[in-house]
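Visitor: Here's the letter readout for the chains.
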Amino acid sequence: MGRLSPALARVLLVLVLLALWEIFTRLSSVSVILIAPPSAIIWQMVQILIRASNVPDFYANAWLTIVEILVAYGLAAVFGVLTGIAVASSKVIGDAFEPILLVLYAVPKIILYPVIVLMIGTGPATKIIFGIFVGIFVIIFNTAAGLRQVEPNYLRLAHSLGYGGAKIFFKVELPAAAQTILAGLRLGFGYTIIGVLTGELLLVNAGLGYLIDWASVNYYTAQLYALIVITLAIGVVANYVVGHLERRWVRG
Amino acid sequence: MKKSILLGMAALALSAQSAMALDKISYGTAVKLSPVYYLPVLAGQDQGIFKKNGLDVEWVPANSGPDFHRALAAGAVQIGSSNSATDIPAIGRGAPSVIVADLQTADNFGIWVSTKGHINTIQDLKGAKIGVSRLSGAEDSYGKLVASKAHIEGMQYTASGGVQESMALLLTGGIDGVVLTPHQMIDLKLQGKVKEVAEVEKYKPQPWVSYTIVAAKDFVAKQPDVAKRVIHSILEANAYITSPAGKPWALAKMKEISHYSDAAAPAVYDETALSKDGKIDRAAVKNVVDFMVQYNLIKASDVQNVDTLFTDKFVK
Amino acid sequence: MGEGMSPRQRKYLPLAIRLAAIAIFIVIWDLAVRLGWIDPLFLATPLDTLEHLVPVTEHAARDLAVTLTAFISAFVAGVFVALAIGFAINLSNYSRKMLLPLLALGVTIPKVTLLPLFILWFGIAQMPVIVFGALSGFFPMVINVMTAGGEVKPNQLLLAKAMGFGPLQIFRKVTLPAMLPVLVSGLFYACNASMMGVFIVELALARHGLGAVVHDLAVTFQTADMYAAVLLTASITVAINMALWYAARYFGRWRY
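Chains as they are written, first to last, in the working numbering: chain A, -9 to 242; chain B, 1472 to 1787; chain C, 107 to 362.
Just to be clear, a hint being listed does not mean it is correct.
[Claimed, not checked] Derived lysine to aspartate or glutamate pairs resembling DMTMM-like cross-links, with alpha carbons at most 25 Å apart:
hint, chain 1, residue 1, chain 2, residue 2
1, B, K1660, C, D145
2, B, K1724, C, E164
3, B, K1724, B, D1527
4, B, K1724, C, D322
5, A, K99, C, D322
6, B, K1664, C, D322
7, B, K1666, C, D322
8, B, K1503, B, D1527
9, B, K1615, A, D47
10, B, K1688, B, D1748
11, B, K1664, C, D145
12, B, K1503, B, D1761
13, B, K1664, B, D1494
14, C, K217, A, D47
15, B, K1587, C, D136
16, B, K1660, C, D322
17, B, K1664, C, D136
18, B, K1600, C, D145
19, B, K1726, B, E1707
20, B, K1495, C, D169
21, B, K1770, A, D47
22, B, K1664, C, D154
23, B, K1615, B, E1672
24, B, K1726, C, D154
25, A, K99, C, D145
26, A, K99, C, D154
27, B, K1600, B, E1624
28, B, K1726, C, D322
29, B, K1726, C, E157
30, B, K1597, B, E1672
31, B, K1664, B, E1727
32, B, K1620, B, D1494
33, B, K1503, C, E164
34, B, K1660, C, D154
35, B, K1615, B, E1742
36, C, K259, A, E141
37, B, K1718, C, D322
38, B, K1784, B, D1752
Simulated from the structure, these hints should not be mistaken for laboratory data.
All chains should be modelled from the sequences, with the hints used to inform the complete structure.
Guide: Given below as structure tokens:
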């Protein structure tokens, strides 16, 4: 059992699931407007990527969404971490604003979407803002929590060694909290993607969300699932790249 | 001895009860808060029309035409109210549905503008930015229909989302006009915030079928009698709603559900023209199909045979 | 900041700052509507919203009950399954490595686009709402459970075994306490995710629950009522969130 690498095992698992799904779809009487067999989905994915499918302007829309996600995440990460640091470093600020942040986290942001459209319009900026709203809170909370849980002993040791405030922060606190902060950044990335996509699904004029909605309302079931899988794949790749960059930044 | 008589009577009562048992139906609608969609179902429930026809009907609204057709395909609903612009692509692309009656021949889409803007007549629409809920949807083609028949150049179309988002854009000047129906605009119109500058209905080829009753194919095949009773109940409800006796009920219902003001409700009521006989005109269906092909909403190959879209055996 | 203040002043400083921030926010909110920066069609004044809160709550009492029931069912189901599957996967390092990336994908899937499938499999009553909410909470929670497994230090396990503890005792005295902080933080995220999931489906299906109430009010432009309903929903979510947040902090450490 230990002979197969986890990655390979993962691939095999996915293939088995796909095979089962294929058999189920072919044998069942569920309508074609509800499900499509994996073979049709994969075929559509290929068609979409080589631009031979009826999906309109795939690459332009996909690129737009990717840019929106990266911008939204970049801003969410920077402001999220900074806010988390602010909340964790000062007890006064933390106690004052933490409940407010919790309240903002709990409000169903989807309701405020028309207000955002009213203020910012129908362009990518609206979706980026929405993506930030959805993704930033996890980053803030994890950063704050990660910094708060640094062993007091480490800090005392650093003080006794004569380290100054900034040095303590960068050389002791931040590395100790790094794992938690990174975890928050990873989860925040997933949520930012959801935020951006949701924005695109509500105001369907551009991006992958627009394409997914297009496939859905036009009953192009195979294209719909193909686009969802492609979106997931983009998320996986982007997550991997961003995670890689983060690890380099934190280590360095 | 007494016991068996009692048991026998109980059995008799039970069987009589089941003979009077109502057929349970889930009636869907492609939209929830439009009077054309909710008045007939609610009238059927409130006025006992369904019960009279041996039916126990639950209203299951959907949020869009595709959601409704998927609900039909999933068996969540058996029959419901929809519109031809969503039915034809659905059936053409494999939805197991069939149009069984005409619910209302006309719809009242129009191009609406903000009263604060510069557009006052239809000719002012030249070069205007028009919002539609989705690009390449029915509203998009209605806009183009008006543009081509009224000879207005340069109209551009942009997706403006749902009613909320579209109104937001209209009021901030993000778009100059929007293609919507009076029932969505009425209170805003009465508040003086919007006005209608073009009526799509004037430019549509006649005959036309706008709102439909649609049923799942296997429901029609396996339970034609039940289907017939549902359709006739709805048509009877339509007759009630459009009658003087039903008008007060309809107005009250509209105020309750759509929150229409006292002035708005009658205005919307006057626009409804629910069909009482449900007759489907093949020429009307064909006109809609041709329109959709002309404006690239469907491909000609999607609907090769108009007769597969509907059956008129229930409304002949 | 705060030096030269009496201890009592210091104690109330955060509260004062918070109240000031909230006050500023409410003033800006009110001005935005009154001065017409945002059309009253889309935003109601704070006062209007508050005035409509009680009537809306009464009117929506049944939907409130529906949403709460759905949320609790979804949350409990999602967490329970996440714990079961998470612990099972944690039994083997190998299975954890293999499945963690796959399950991490779950957060990114735009489940809303798959709603028709939920209806196909679960009908149109409350089931799709609960399943959707449960799935929304399941993914963050299961990832947390699997990560929590990594909190248990192998040395501690060896020591416990050397001291003669049986498997159940090891679990109670070593494994569980090590995992607890992370598990509680997982509960926090899963709670919010489940609530949002339930709300979003209710919004999309517009049949029952607070999401449906908000949807109908929004589409018919009953602005003050809608924001009152949003305030109601937010209050509930906030209350539950706060409880879990402070529980998470109480348990000391917080990890992903």
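Visitor: Hints first: check each against the structure and report whether it holds.
Guide: To see whether the hints hold, each was checked on the structure:
As the CA atoms of K1660(B) and D145(C) are separated by approximately 16 Å, the hinted pair is consistent with the 25 Å bound. With a CA separation close to 20 Å, the supplied pair K1724(B) and E164(C) stays within the 25 Å bound. Using a Cα cut-off of 25 Å, the hinted pair K1724(B) and D1527(B) holds, with the two alpha carbons roughly 20 Å apart. At roughly 15 Å between alpha-carbon atoms, K1724(B) and D322(C) fall within 25 Å of each other, so this suggested pair holds.
Proposed proximity of K99(A) and D322(C) is supported: the alpha carbons are some 17 Å apart, at most 25 Å. Only pairs whose Cα atoms come within 25 Å are accepted, and K1664(B) paired with D322(C) is accepted, the gap being roughly 21 Å. With a C-alpha separation of about 24 Å, the suggested pair K1666(B) and D322(C) falls inside the 25 Å cut-off, and the hint holds. Taking the CA atoms of K1503(B) and D1527(B), the gap is about 20 Å. The hint holds against a cut of 25 Å.
Straight-line distance between C-alpha atoms of K1615(B) and D47(A) comes to about 22 Å, which keeps the hinted pair within the 25 Å bound. Among the hinted pairs, K1688(B) with D1748(B) is consistent with the structure: their alpha-carbon atoms are about 21 Å apart, no more than 25 Å. Between the alpha carbons of K1664(B) and D145(C) the distance comes to roughly 11 Å, so the proposed pair stays at or under 25 Å and holds. The straight-line distance between the Cα atoms of K1503(B) and D1761(B) is roughly 28 Å, outside the 25 Å bound, and the hint therefore fails.
Our distance criterion of 25 Å between C-alpha atoms is broken by K1664(B) and D1494(B), whose separation comes to about 47 Å. For the proposed pair K217(C) and D47(A), the alpha carbon gap of about 24 Å is at most 25 Å, so the pair holds. This hinted pair checks out: K1587(B) and D136(C) have alpha carbons roughly 24 Å apart, not beyond 25 Å. A C-alpha spacing of about 20 Å is found between K1660(B) and D322(C), which places the hinted pair at or below 25 Å, so the restraint holds.
For a cut-off of 25 Å, the pair hint linking K1664(B) to D136(C) stands: about 22 Å separates their Cα positions. Our distance criterion of 25 Å between C-alpha atoms is met by K1600(B) and D145(C), whose separation comes to about 21 Å. Pair hint K1726(B) plus E1707(B) holds up; C-alpha atoms about 22 Å apart against a cutoff of 25 Å. With a CA separation close to 24 Å, the supplied pair K1495(B) and D169(C) stays within the 25 Å bound.
For the hint pairing K1770(B) with D47(A), the CA-to-CA distance comes to about 19 Å; that is within 25 Å, so the pair holds. For the hint pairing K1664(B) with D154(C), the CA-to-CA distance comes to about 21 Å; that is within 25 Å, so the pair holds. Note on K1615(B) and E1672(B): the hinted pairing holds, with a Cα-Cα distance of about 13 Å set against a maximum of 25 Å. With a C-alpha separation of about 21 Å, the suggested pairing of K1726(B) with D154(C) holds against the 25 Å cut-off.
The hinted pair formed by K99(A) and D145(C) meets the criterion: a straight-line CA distance of about 19 Å does not exceed 25 Å. A hinted pair counts as satisfied when its Cα atoms are at most 25 Å apart, and K99(A) with D154(C) qualifies at roughly 20 Å. Distance hint between K1600(B) and E1624(B) is fulfilled; the C-alpha atoms sit about 11 Å from each other, no more than 25 Å. Among the hinted pairs, K1726(B) with D322(C) is consistent with the structure: their alpha-carbon atoms are about 13 Å apart, no more than 25 Å.
A C-alpha spacing of about 21 Å is found between K1726(B) and E157(C), which places the hinted pair at or below 25 Å, so the restraint holds. Distance check on the hinted pair: K1597(B) and E1672(B) sit about 20 Å apart at the alpha-carbon level, within 25 Å; holds. About 23 Å separates the Cα atoms of K1664(B) and E1727(B), which keeps this hinted pair within 25 Å; it holds. At most 25 Å may separate the alpha-carbon atoms for a hinted pair to count; K1620(B) and D1494(B) exceed this at roughly 48 Å.
With a C-alpha separation of about 23 Å, the suggested pair K1503(B) and E164(C) falls inside the 25 Å cut-off, and the hint holds. The suggested pairing of K1660(B) with D154(C) holds, with an alpha-carbon distance near 23 Å, which does not exceed 25 Å. Only pairs whose Cα atoms come within 25 Å are accepted, and K1615(B) paired with E1742(B) is accepted, the gap being roughly 23 Å. With a CA separation close to 17 Å, the supplied pair K259(C) and E141(A) stays within the 25 Å bound.
Using a Cα cut-off of 25 Å, the hinted pair K1718(B) and D322(C) holds, with the two alpha carbons roughly 24 Å apart. A distance of roughly 12 Å separates the Cα atoms of K1784(B) and D1752(B); the hinted pair therefore holds under the 25 Å criterion.
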